[in-house]
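J.: Residues 1 to 538, numbered by my numbering, are exactly what the sequence shown covers, in order.
I should point out that these hints are in silico values taken from the structure, not numbers from a laboratory.
A hint or two may mislead.
As the list claims (entries may be wrong) - Okay, derived cross-link-like pairs now, DSSO-like style, lysine-lysine, Cα gap no bigger than 30 Å in a straight line:
(1) Lys121 / Lys131
(2) Lys121 / Lys255
(3) Lys505 / Lys517
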Amino acid sequence: MRVVLIGYGPVGSRFVDEMLPSVRDGSVELTVIGAETTDAYNRVLVAELAVGHTDLESIIVADRGGAAASGVRVLTGTTAVAIDTAAAQVVLDTGERVGYDRLVLATGARANIPTLDGVAKPQRDLTHLEKYGPALVGRDDDLPTGITVLRDLADAERIARTVRAGGRIVVLGAGVLGLELALAATQAGAQACVVHHGDIPMPRNLDRGGGRVLQAALRRAGVSVVEHSRAEAVSFHEHETGDRSFDALITADGKQIRGDLLVLSCGVGARTELATLAGLQTAAGIVVDADLRSWSDPAISAIGDCAHVVPRTAEAAELAVLPGAPTGLIGSGWRQAAWLAAQLRAEAAGLLADPAAPAERDALVMLKAEGIDVVAIGDVSAEPWDPQYADDLDDPRGPQRVAQWADPENGSYAKLITRSGVLTAFVCVGMPRTAAELTLLYERGAELPADRSVLLRFDGPDYTPALDSDVFAPGATVCWCNGVTVAHIADSAACGNTTVACIGKDTRAGTGCGGCKGRIADLLVHLEATGGTTSAAV
1 MRVVLIGYGP VGSRFVDEML PSVRDGSVEL TVIGAETTDA YNRVLVAELA
51 VGHTDLESII VADRGGAAAS GVRVLTGTTA VAIDTAAAQV VLDTGERVGY
101 DRLVLATGAR ANIPTLDGVA KPQRDLTHLE KYGPALVGRD DDLPTGITVL
151 RDLADAERIA RTVRAGGRIV VLGAGVLGLE LALAATQAGA QACVVHHGDI
201 PMPRNLDRGG GRVLQAALRR AGVSVVEHSR AEAVSFHEHE TGDRSFDALI
251 TADGKQIRGD LLVLSCGVGA RTELATLAGL QTAAGIVVDA DLRSWSDPAI
301 SAIGDCAHVV PRTAEAAELA VLPGAPTGLI GSGWRQAAWL AAQLRAEAAG
351 LLADPAAPAE RDALVMLKAE GIDVVAIGDV SAEPWDPQYA DDLDDPRGPQ
401 RVAQWADPEN GSYAKLITRS GVLTAFVCVG MPRTAAELTL LYERGAELPA
451 DRSVLLRFDG PDYTPALDSD VFAPGATVCW CNGVTVAHIA DSAACGNTTV
501 ACIGKDTRAG TGCGGCKGRI ADLLVHLEAT GGTTSAAV
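Can you make the complete structure from the sequences, with help from the hints?
T.: Right under this line is the structure:
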């Protein structure tokens, strides 16, 4: 079976890894097309690379040499410019046509470029794609000197130069990645200012209370925060050579925020140009059903940041705007890659496969920064004094209840959303041990103590690990991106992998968002202290 993969990023590379058994036994002929010349790397950790907290080798997630040795044809530095669905062929920028029986699109996403006077924003609708074709397919937007996004190695190098010079970085957008960059750059000796038009940072993940506590923590860490300011334009330095470079971000309320580098951290949009030109249905991404197959062509699948999963029903087919969007999370993309690879391997072998991809659970969001701990999951918009509505009272899980704790002076905040005593969402700021406990309780679907305040003891001055309710249980998940449990890490450590880096290479734990590395380190210390044993509780 001829399988062609377009996109050799972290999700595409995971798909390749999972397909290798079928490539080796000869049941699958796999061709990989990747636009970048480097091996696939984890884009989530590019900010850490930019500030010197990691190196390129540590964020590489692909083994191109191993794949090629197994029989995979890997074409890097090559762009797919068209899909000929009638002939079942992919057209490359070299002029070559590659035939397929199954085509997998892992084209990922590009950084959103906001509407700013002074910054061009190319259109990628069908009309423009048909007119400009290859000039828009697979290419990132050209930005003026001194303005960058944070997606690839070239972006990381631009930021690194400013950090090394101790310059001033203006970050537009207050999402997780933008805040992590601002904090890391400040700790590395640069200056950082975060500009956003909302009331609080991380508005998609935090409620007002958690956002306010985080905002204060950012300022204590040396990051300037300019809220309630909508960016409208940029101004430039005009050099004697005739060139120009970024000078200031101009906001609607008249502020001019000067800096040496402007980093646009305003979310991402799926790369759908190839699919659009091929006549495949697209919305927020390439529209695929629960089996990850295109609504328009069952021979084509999409995974990762470009996949907009919508179960295909008669009702959905009539909608002008489809619900949902790509998850934008590396863990979700990896799970899709593994599941689809299993499906294709079974298909190639003539075996029955699983009926549908597993449903995605809510994503655990963590802000990774020294001295600032933020963990959130689910919808935390409910407030303790909200009125009870009929549809909420009739929910089979029981009515929603909210418990809240705030100590802004000391940077601590927690909100718990429960139904029938079971945690359904939470936000925790400045309370790392409580957050770890809540994560465990959420994962298990366990009931919280009737007196919610007892959970606060985990970050109290008299806390001892003996009071902990088993974060080292064998079945407890340590790495949510890769689904790695305490037992998996204990087994790996028993085989001699006794550092976080070794555990990552052996189990992939910590190689996703990186937010679990601290917990992996704590677990390794625990295993050493207990002779390699974990708690017997599950």
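J.: State for each hint whether it applies.
T.: To see whether the hints hold, each was checked on the structure:
1. Lys121 / Lys131: Given pair lysine 121, lysine 131 holds - Cα atoms ~16 Å apart, limit 30 Å.
2. Lys121 / Lys255: 23 Å, holds
3. Lys505 / Lys517: 13 Å, holds
Checked against the numbered hints above, the structure violates none of them.
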